[in-house]
Structure formats: structure tokens, C-alpha cells
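Undergrad: Build the full structure now, drawing on both the sequences and the hints.
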Amino acid sequence: MPTAVLTDHERAAVQAYVRLLQTVRACFDGPPAAGGRPPLVPPSVLAEAERALDRAGLAGNEEGLFRLVRDWCAQP
Numbered sequence: 001m002p003t004a005v006l007t008d009h010e011r012a013a014v015q016a017y018v019r020l021l022q023t024v025r026a027c028f029d030g031p032p033a034a035g036g037r038p039p040l041v042p043p044s045v046l047a048e049a050e051r052a053l054d055r056a057g058l059a060g061n062e063e064g065l066f067r068l069v070r071d072w073c074a075q076p
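Under my numbering, the sequence shown has 39 at position 39, and the numbering climbs by one with no breaks.
If you're looking for bench data, these hints aren't it; they were derived computationally from the structure. Treat the hints with caution; some may be incorrect.
[Said to hold, decoys possible] Computed beta-carbon distance windows for the label pairs:
#, residue 1, residue 2, range
1, V5, L40, 16 to 24 Å
2, E50, C27, 27 to 35 Å
3, C27, V5, 27 to 35 Å
4, R70, D8, 15 to 23 Å
5, H9, A74, 15 to 23 Å
6, L46, D8, 19 to 27 Å
7, D29, V5, 31 to 39 Å
8, F28, V5, 32 to 40 Å
Just so it is clear, the structure is predicted and the values come from calculations on it, not from any experiment. In this text, a Cβ means the ideal position worked out from N, Cα and C, and glycines have one as well.
TA: Next up, the structure:
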């Protein structure tokens, strides 16, 4: 498996994306929302992920981001 050292911006983007996934999972794993409305992810979490993707040059490059996330999450 090829390994590459992530730049600071790439690492921040991967970490922000993973935090976003964890937040979404926590929202859906929690108690049902009152009124039957779906849970919302705080705008700050989405904004953090967007900024990190932009800084890393990954906005609109899902293939590149998912490759980095896959490699990051596979690390021991």
C-alpha cells in the first residue's frame, strides 16, 4: 500500500470530515427529534469542514478526499 505524508491542510480536511461524520452519526443515534423533524448538524461543523476542504484544495474533489480519509482511517 503506498503511503504518503499528508500536508497540514490535507490532514485538517480529513479530520474535519471525520468529525462531521461523527457528528452526523451522533445526531442519528440519539433520541428522535421532537416533532419528527430530522436532526440538524450544527452549521459550525459544516463550515469547519468546508473551510478545511477549500484550504486543502479538495473542494469538489471527492475522490481525492475519500482516498485520504480511507488511508487515514486505515492507520493503526
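Undergrad: Tell me the numbers of any earlier hints that the structure contravenes, in ascending order.
TA: Result: hints 1, 2 break, sorted rising.
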